[in-house]
Amino acid sequence: MQERDALLKKKVVPSVEVIPPERLKLLDEIIDKYAGSTQNLIPALKEAQELFGYLPMEVQRKLSIGMNIPAPHIYGVVTFYSFFTITPRGRHTIRLCLGTACYVKGSKEILENIIKDVGINVGETSEDGRFTLEAVRCLGACGLAPVMMIGEDTHGNIHPPKTISILDGYQ
Amino acid sequence: MVTLTVDGIKVSVKKGSSILEAAQVAGVRIPTLCHDKRLIPYGACRLCMVEVTSRGKTRTMPACFNPARDGMEVTSDSPALRSSRRVQLMLLLRSHPLLCPSCDAAGDCELQNLVFEYEVGDLPFARQSRYFHLDNDSSFIRFNMNLCIRCGMCVRICEEVQGQSEISFINRGMNMEVSTDFMRPLECEFCGQCADICPVGAIASKWLVGTGRRFELSHVTTTCSFCGLGCSLTLEEKDQQTVYVNSSPDSPNEGSLCVKGRYGWTYAYSGGRLATPLVKKNGVLTETTWEEALSAVASGFSKIKKDHGPQAIGALGSARMTNEEAFAFNRFVRTVLGTANLDHGASSYGALVDGLAPTLGYPASTNSIREIRNAKVILLVGADLTETHPIAKNEVIMASGRNKAKVIVIDSIKTKLSERDGVFIKTPFGHESAVVFSMLKHILDQEIVDKTAIASKIDGFEKFLESLKDYDPENVATLMGIAPELIHQAAEIYAKAPSAMILISEGSNRAMSNAENGRAAAALAVISGHVGKESCGVMVFGEKSNSQGALDMGLTPKHLPGFGLLEDEEARKKFESLWKTKLPSSAGMNSREILEGAESGAIKGIYLVGENPVDTYPDRVLTEKALNAAEFVVVQDMFFNSTAKMADVVLPACSALEKEGSFTSSERRIQRVRPSTKEKLGRSDLEIFNDLSILMGNASFAYDSPADVMTEISKSVEFYAGVSYDRLGLQGLMWPVKDSSDDGSLFLYGNGYPHGRVKLGPAPELNLPKQESNQFLLVPGITKFHSGSMSTWGKSLLEVCPEPMAQMCSSDMSALGLEDGDTIKVTNDLGDSMKLKVKWSRRPLEKQIVVPYHFPGSKLNKFVKWNEPLAEVKVEKA
Ligand code: SF4
Ligand code: SF4
Ligand code: SF4
Ligand code: FES
Ligand code: FES
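As they're listed, the protein sequences go chains C and E.
According to the working numbering, the first sequence holds residues 1 to 171 in order.
According to the working numbering, the second sequence holds residues 1 to 878 in order.
Source of the hints: derived by calculation from the structure; they are not laboratory data.
Predicted, not measured: the structure shown is a model, and the values here were computed from it.
There may be inaccurate statements among the hints.
[To be verified] Here are a few chain E residues that face chain C, going by a calculated C-beta distance under 7 Å:
hint, residue
1, Ile-167
2, Ser-168
3, Phe-169
4, Ile-170
5, Arg-172
6, Thr-180
7, Asp-181
8, Phe-182
9, Thr-286
10, Thr-288
Note that beta-carbon positions come from the ideal geometry of N, C-alpha and C, so glycine has one too.
Start from the sequences and build out the full structure, keeping to the hints where you can.
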């Protein structure tokens, strides 16, 4: 039995960030505005994310108590919508296309370069807070494959070894 | 009613029933994987698809989701349906690991059964693997989300039935799984309902993991030995060990159990169980034989009878005895010992005996538990059901969730149910009745009910009306510091509702206020016309498994079995001729008087059966003094507890898992208690009473078996007349059961009152306490994880609730500089103090600390007196 258990992947423990209490107080306004109905959860989360950049445990807990919505439900909503994030965002979001066209044309190597040089995998944020990496499936620009977006900028026809020099333009 | 055919069988069902329910009535089985009768239909699995022909058109639709309509012709099986079901199953198998041979759920898995039934072979598409961690971090329950088929039943039962919402679907797509927020371990009720309802092995009870296949286990169906709700449960055993407890979907509780019922049975296996009798020799309790111990008891009590007369003996029983044992105990105490001094449970049955009975007729709940879900308004009077009676709490959750019932909570603390839609009225602890009387005043003043019509039906109405003069909502609200509108609102919601139920939970922590709460509730129900109808009336939930049965069998100072009074010659005569002896002709002492009597010397001998007053009664100091002062103390118990340590003779009693009999639940439901295959420790109370009475020279007192006692009960207690063991099936019988063809009654007073009319006594004088602002109030609380002091003997419940945690509100905690887990020191006026860990909770209001009283070690009952159930204490950081 234990052997079988060991074969299964280990649990990922999400990091707990500490938001100072005085900043957490800023949530009160959002709670006052939206408390009373579960339907208001999504707009409340949206504003909270605008405030803190992400939705860590403390923020979700406080919303849960303030809005009287069970914390597991809030977490379910946050993890369902890709718009919400529970880890801090980098200053720049890299959205690397791993769709079929881009993949065969080299986005796998681009990914490997980012992993190697920036030190982050898909879904992670670099320690210096510079980049958050996301993978997307087809940006609808297959003609430009491989494609990657950084913030609002689109970079196409990327030569994989050039990955880092492109990133250098974003500090 | 609508009429339709299912597979050619004609059925009529209630309007609003689903096609699935109609099929069940017709006896047609439709496969389901996401349906349970306790849940709102969801329509996720699509296995229940049926073909429906209506007005000439045939369509395929899910049976669980669609209402049955007149004239429908439903076909449950056809080649097309079979193949659609097969495809649905294949889609489920696409990402479900095919590791059935090593899966704990094999043989007890709905998916496996259906895949077998529908002969699913090779999958026509590629399989997709998911890799979820195996989550063993929670108590009792483990998660293996690789097996999940996303039926949502766990999430739904946790929200819709338990009202907990502890788990949710998290993440999306292939990564979707069931977990808590941030995948933390469970911090919930631990009811295990999610594991029980999971059709596969994705959520499982840890104790079943690696134990063996479910079908290898032997099964015994019995009644829960914890609270008074009487949930029916099935002990599943292997090698004479209970390994799992579950409940049949066809039981009155529909398969639902709370944490105590499901996981609490380990107390019976505790190392603290007594196996050998003890007799005090030279001041030390020493192991001895049954013969010696029993004759010591017989001669001890005989001596006191001879020297001081029978009235120098007091006997305390317990609401954990079976009906048969309680009946025999009553007989033993009243005839063999010859004393009227008999009581149980710190007289905590006031709501029934002094509340409901004088007004309505019977000291019993008027209606049944499953009616709560259909009531439009539920009024909770000092009933923190989440902690005291979790399965009744589920009913309130269902009523307020799916039926949008209003929940009115009158309590001294915020409860889980005060968060539901309705009104919360904060009262000083134990003064809930003041609000109820005030609601009555409002209803009558505003003529919301027809006063003259009521006056003609009720005895004592004028006097009652007069006695309400101080209960003006404005006055009561000002004294309590709340808004009078809350009382108006509550009164109007309750009185105008088409159906409304009042729920009260009794317990020794509420002994002081129970009677008034019961009286106020009965008056409110009667005057508002909410009695004698479905989903109306007053329910009083007892703390222990046979709280109702103990009253039915007369374990009080004044009663004989069947509610007859010792004082009443006719009632006495009946039992005198049945038992062929004289009976005491006046009421005896109650539990408090017995203990005070022992302290003052009037009581010389005390017989305690299944009762542990040192740990559970108010005023520990008095109890200890009383037991020290008494000449001869006999304790008959499962455990070597604080009371047993003070005894002269200790007789080991067996547990509810080791004996036969019946319990009567708080909905008057008489249900069987059956022994499991577990090795028996000690003797049953009935066996001991038999032996003692023979030793004490009353040979006519010899019951062959519990069934034998039940025969005598049915002969002598009118409302048990039609009860016999062979009639007590899974559903039991709800009294009154007049004869062997009577199936019992869901609710009382549908055809009038036993005394013809309702009697209202005057309301007591309004007397609200003033709390000094700088002192804290120590509120004795109950936690759902424990019950009395029995559960703390079992390992399982201690795992989730190991010690009494004082609960405080956040403003008090920050004022004292406290954080969760800090230790506080609580001191009373006399300088007694105790140290407790503290945690934040939403329950206590300001200047209150709520402490569960189940833990003997904390000696909480040192702080409370019989007439002062609440202590004012000083709280400081330790
Ligand atoms: S054990 Fe009960 S309360 Fe806890 S998650 Fe499961 S269903 Fe919900
Ligand atoms: S864990 Fe079980 S009950 Fe819950 S959704 Fe998955 S299969 Fe259904
Ligand atoms: S303790 Fe009460 S609610 Fe829980 S299972 Fe037992 S009878 Fe039911
Ligand atoms: S595959 Fe990358 S843009 Fe379409
Ligand atoms: S049982 Fe009807 S859709 Fe699952």
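Checklist entry - Given Phe-169(E) as an interface hint, is the shortest Cβ-Cβ distance to chain C below 7 Å? => result At about 5 Å, which falls below the 7 Å cut-off, the nearest Cβ of chain C leaves the hint on Phe-169(E) intact, so it holds.
Next on the checklist: Min Cβ distance, Asp-181(E) to chain C: is it shorter than 7 Å?
Outcome noted: Result: holds, 3 Å to nearest chain C Cβ.
Next on the checklist: Given a cut of 7 Å on the nearest C-beta pair, is the interface hint for Arg-172(E) held or broken against chain C?
Outcome noted: holds (5 Å)
Checklist entry - Quick one, is the Ser-168(E) hint okay against chain C at 7 Å, beta carbons? => result Since chain C brings a Cβ to about 4 Å from Ser-168(E), closer than 7 Å, the hint holds.
Checklist entry - Hint check: is the beta carbon of Phe-182(E) less than 7 Å from a beta carbon of chain C? => result Since chain C brings a Cβ to about 5 Å from Phe-182(E), closer than 7 Å, the hint holds.
Checklist entry - Hey, does the Thr-286(E) contact hint survive, CB to chain C under 7 Å? => result violated (46 Å)
Item to check | Ile-167(E) as chain C interface residue, shortest Cβ-Cβ below 7 Å | outcome: This interface hint holds because 6 Å falls under the 7 Å limit.
Next on the checklist: Does the closest beta carbon of chain C sit nearer than 7 Å to the beta carbon of Thr-288(E)?
Outcome noted: Hint violated; Thr-288(E) Cβ to chain C Cβ min 46 Å, cut 7 Å.
Next on the checklist: Take the shortest C-beta to C-beta distance between Ile-170(E) and chain C; is it under 7 Å?
Outcome noted: With Cβ-Cβ at 5 Å, under 7 Å, it holds.
Item to check | Minimum beta-carbon distance criterion (7 Å), Thr-180(E) to chain C | outcome: Holds - the Cβ of Thr-180(E) comes within 7 Å of chain C, reaching about 5 Å at its closest.
Of the numbered hints given earlier, the model fails hints 9, 10; all others are met.
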